[in-house]
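Trainee: Protein chains in written order, with our numbering: chain Y, 1 to 249; chain F, 250 to 510; chain Z, 511 to 711.
To be clear, the hints were calculated from the coordinates, so they are not data collected in a lab. Source: prediction; values computed, not measured. It is possible that some hints are incorrect.
[Claimed, not checked] Only pairs whose alpha carbons sit at most 30 Å apart, straight line, appear in this in silico DSSO-like list of lysine-lysine:
#1 LYS640/Z - LYS78/Y
#2 LYS595/Z - LYS272/F
#3 LYS595/Z - LYS67/Y
#4 LYS616/Z - LYS39/Y
#5 LYS253/F - LYS576/Z
#6 LYS524/Z - LYS74/Y
#7 LYS272/F - LYS589/Z
#8 LYS67/Y - LYS616/Z
#9 LYS253/F - LYS18/Y
#10 LYS524/Z - LYS120/Y
#11 LYS595/Z - LYS280/F
#12 LYS238/Y - LYS412/F
[Stated by the list, open to error] Restraint-style ranges between C-beta atoms, simulated for each label pair:
#13 ASP510/F - ASP119/Y: 49 to 59 Å
#14 GLY431/F - SER690/Z: 50 to 60 Å
#15 VAL102/Y - VAL503/F: 16 to 26 Å
Note that CB positions come from ideal geometry on N, CA and C, so glycine has one too.
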Amino acid sequence: MKSDDIMEEEIELMKNGKRLDGRGPGDLRPMSITANVIKNANGSAYMEWGNNRIIAAVYGPSEALPKHTANPDKAVVKCRYMMAPFSSISEHGRPGMNRRAVEISKVTREVFEHAILVDKFPGCEINIYIEILQSDGGTRAAGITCAAVALASSGIPMRDMPYSVSAGNINETVVIDLNMIEDMASDADMPVAILPRNNEVVLLQMDGSFTKEQFDSAMELIRKSGEYISNLQKKALKEPYEKIIDRYA
Amino acid sequence: MSIKMITEEYVSERLKKGIRDEKRGHFDYRKISIKTGTMPNAEGSADVQLGNTRVLVGVKIDIGEPMPDNPGEGTIITSAELLPMASENFEPGPPSPESVEVSRVIDRGIRAAGVVDTKSLGIDEETVWNVYLDIYVLNYDGNIFDAGSLGAVAALLTSKMPKYDNGKVIRDEKMGRLKTNGISTSCTFAKVSGAILLDPNGNEELFAASRLTVSTDENRIRAMQKGLGGYFTQNELDKAIDVSFEKFGALRSVIKESIGD
Amino acid sequence: MRTILVPGELISDKTMHGEGIIVENGKSYASVIGIYDSERQGFIPLESIWSPQQGENVVGVIDEAKLNTYNVNLHSPYKGVIISKYAEGGLSNGDIIEATVRGLDKTGVAVLVRPRVLRGGKLISIKPSKIPRVLGRGNTMIKQISDYTKTSISIGMNGVVWLNGGDIDLATDAIERIQSEAHITGLTEKIGEMLKSNEKR
Chain Y
1 MKSDDIMEEE IELMKNGKRL DGRGPGDLRP MSITANVIKN ANGSAYMEWG
51 NNRIIAAVYG PSEALPKHTA NPDKAVVKCR YMMAPFSSIS EHGRPGMNRR
101 AVEISKVTRE VFEHAILVDK FPGCEINIYI EILQSDGGTR AAGITCAAVA
151 LASSGIPMRD MPYSVSAGNI NETVVIDLNM IEDMASDADM PVAILPRNNE
201 VVLLQMDGSF TKEQFDSAME LIRKSGEYIS NLQKKALKEP YEKIIDRYA
Chain F
250 MSIKMITEEY VSERLKKGIR DEKRGHFDYR KISIKTGTMP NAEGSADVQL
300 GNTRVLVGVK IDIGEPMPDN PGEGTIITSA ELLPMASENF EPGPPSPESV
350 EVSRVIDRGI RAAGVVDTKS LGIDEETVWN VYLDIYVLNY DGNIFDAGSL
400 GAVAALLTSK MPKYDNGKVI RDEKMGRLKT NGISTSCTFA KVSGAILLDP
450 NGNEELFAAS RLTVSTDENR IRAMQKGLGG YFTQNELDKA IDVSFEKFGA
500 LRSVIKESIG D
Chain Z
511 MRTILVPGEL ISDKTMHGEG IIVENGKSYA SVIGIYDSER QGFIPLESIW
561 SPQQGENVVG VIDEAKLNTY NVNLHSPYKG VIISKYAEGG LSNGDIIEAT
611 VRGLDKTGVA VLVRPRVLRG GKLISIKPSK IPRVLGRGNT MIKQISDYTK
661 TSISIGMNGV VWLNGGDIDL ATDAIERIQS EAHITGLTEK IGEMLKSNEK
711 R
């Protein structure tokens with residue numbers, strides 16, 4: 001089968017300081033989050049981030065099964081990140097978990113092992129499911145950002161709510177939030193997740209090329225964008241309750 | 250760990266009095282809503298809400314080689330995912346026999362009615378368009394079969410063909426809609442405490458002795474599947490088929506409305 | 511002033527104690543979504559995971575009868591256990607029971623006493639954080655529902671509710687509406703109106 005050759009010709013990713021979709025280097029794509037979208041789950045959220053569309057849902061804490069997976073001191077976090085076979089702009093994907101999905105599931109789980117107060121639920125498991133229904137670059141960051149809202153909506157206690165976003169390098173310009181075309185053609189891609197309260201970096205991956213200075217400005221851009229993303233997460237959680245405030249006002 | 254919220258005794262006592270959840274009659278559907286085009290990266294998509302059951306269907310259209318026995322004709326490849334987020338009782342992992350059955354039953358209803366004009370999918374002797382139909386169960390409250398087949402038909406009817414140019418697929422330029430011929434719908438029944446119920450919800454499916462899916466178009470039965478360990482009598486089958494034909498018009502209207510037709 | 515806070519947000523520069531609060535360097539932060547009342551200096555979680563408290567009523571299902579104990583599925587992170595000698599007449603697998611929490615044992619299992627078998631009917635699952643609203647102040651909400659519908663109702667603080675008899679569908683609708691509208695003002699009156707308008711039909 002022939003694959004779709006999106007990147008066959010050289011694409012100029014940046015022109016006069018503007019990116020292909022008209023954004024400046026520090027501009028995020030438009031995004032929105034809605035909490036509580038899956039009725040059966042303990043917590044859930046739906047997120048649109050550019051052309052990415054993601055659902056995250058949380059089950060538990062419940063008894064860890066099979067029993068040998070249980071930890072007597074804390075809850076075990078289980079995470080599954082998966083891409084729908086119809087999610088890509090190009091060809092139909094293979095169903096099931098590939099190596100990429102296994103790795104993303106693992107690093108995502110590790111983000112939440114730190115964020116969740118796991119020692120409150122010894123012997124239990126917490127399941128996080130992230131389904132990428134439509135993808136356009138940056139799905140692991142969007143998945144983490146969305147899952148954080150799903151967890152908060154479930155009432156599972158966390159020390160802080162992580163956000164995630166990636167930074168990249170386009171012709172030696174540091175940019176935020178790469179879309180798929182930029183991701184494929186850029187000189188660097190660096191997804192990062194942060195617990196904002198103490199600026200704890202809980203996910204860091206990178207490939208490509210950055211000078212130390214570029215790395216520093218990428219981190220600065222990530223933190224600045226993180227303020228916006230964090231506020232959006234908070235808004236998604238608070239909005240359904242805002243009427244309570246009115247009642248007590 | 251999940252807990253059984255309801256007993257068979259409770260369901261059967263209520264059915265004896267003719268009572269169903271949501272105050273439904275035995276042959277009433279729950280509220281159905283379908284939104285098409287929710288996933289624009291896919292060539293077609295539909296998001297179906299049937300009571301609390303929610304199913305997302307995505308269609309991708311790719312080039313491939315024809316089946317040796319059907320040169321010049323494209324193929325429909327159907328899969329179903331019972332996502333673990335949809336229910337405490339769905340496990341992550343490779344497709345379960347249940348999900349394989351769902352996809353095959355939905356596939357047969359669509360294929361037998363010739364909903365997709367597969368002959369129109371031939372490009373040249375070695376190249377055809379293949380239609381990938383993926384049924385994603387997001388929230389489970391019974392009757393995935395009908396929710397999935399409504400979504401599948403709505404997604405197919407709104408699917409757009411990519412452009413083919415010299416061995417390459419160009420998706421930014423669409424070449425009109427996927428060629429379809431008519432609509433098929435399915436009606437799924439569960440036999441619970443001896444009663445035949447259309448559109449069983451999750452609690453009813455928990456105690457279903459047997460299950461029957463009947464796919465029809467306007468005039469013909471197109472596919473059937475009896476499931477689970479119980480049985481149906483001839484009279485019960487006759488009734489289920491009659492009801493399926495009766496419901497066809499209403500279900501077709503729901504699909505047509507969702508595709509803006 | 512009442513403010514909604516989400517996990518990670520600062521509640522107070524002082525050390526506070528209570529559910530949904532974590533303390534770091536003497537400051538208090540929310541670990542769950544909740545409301546902070548600055549006058550009363552209290553934080554009330556809006557979503558939470560239930561943990562058993564002594565004296566609470568729970569509803570669950572017997573899922574294992576052992577030699578000296580019964581295991582109870584409480585549809586929560588916590589398992590329940592009933593010591594056989596406290597269960598007069600014995601219990602069977604699948605029995606729906608109501609019981610009182612005596613405490614947590616060393617392994618984190620909820621020890622339950624005074625089990626009562628609930629026969630017939632059905633269970634529904636409600637978010638434990640919404641159970642206080644379902645009960646209402648001084649149990650007014652739940653009393654109103656059972657009076658109108660003639661349904662017997664047992665409420666477990668673990669978020670499992672048992673219903674039997676009467677207009678069970680109306681009672682279920684009312685409880686589910688409380689869950690989804692727990693944040694609306696005048697809910698007791700609104701549920702009262704809903705029940706009355708259904709009664710007339």
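Trainee: State for each hint whether it applies.
Mentor: Evaluated hints:
Distance hint between LYS640/Z and LYS78/Y is fulfilled; the C-alpha atoms sit about 27 Å from each other, no more than 30 Å. For the hint pairing LYS595/Z with LYS272/F, the CA-to-CA distance comes to about 43 Å; that exceeds 30 Å, so the pair is violated. For the suggested pair LYS595/Z and LYS67/Y, the alpha carbons sit about 28 Å apart, so the restraint of at most 30 Å is met. Using a Cα cut-off of 30 Å, the hinted pair LYS616/Z and LYS39/Y is violated, with the two alpha carbons roughly 34 Å apart.
Of the supplied pair hints, the one linking LYS253/F and LYS576/Z holds, its CA atoms being roughly 20 Å apart against a limit of 30 Å. Between the alpha carbons of LYS524/Z and LYS74/Y the distance comes to roughly 28 Å, so the proposed pair stays at or under 30 Å and holds. Note on LYS272/F and LYS589/Z: the hinted pairing is violated, with a Cα-Cα distance of about 35 Å set against a maximum of 30 Å. For the suggested pair LYS67/Y and LYS616/Z, the alpha carbons sit about 18 Å apart, so the restraint of at most 30 Å is met.
Distance check on the hinted pair: LYS253/F and LYS18/Y sit about 57 Å apart at the alpha-carbon level, beyond 30 Å; violated. A threshold of 30 Å between alpha carbons decides the hint, and for LYS524/Z with LYS120/Y the separation of about 23 Å falls inside it, so the pair holds. With a C-alpha separation of about 49 Å, the suggested pairing of LYS595/Z with LYS280/F is violated against the 30 Å cut-off. At most 30 Å may separate the alpha-carbon atoms for a hinted pair to count; LYS238/Y and LYS412/F exceed this at roughly 45 Å.
The hinted window of 49 to 59 Å between ASP510/F and ASP119/Y holds, with their beta carbons roughly 57 Å apart. At roughly 40 Å, the beta carbons of GLY431/F and SER690/Z sit outside the given window of 50 to 60 Å. Restraint check, VAL102/Y to VAL503/F: a C-beta distance of roughly 40 Å breaks the suggested window 16 to 26 Å.
In summary, the numbered hints that this structure violates are 2, 4, 7, 9, 11, 12, 14 and 15.
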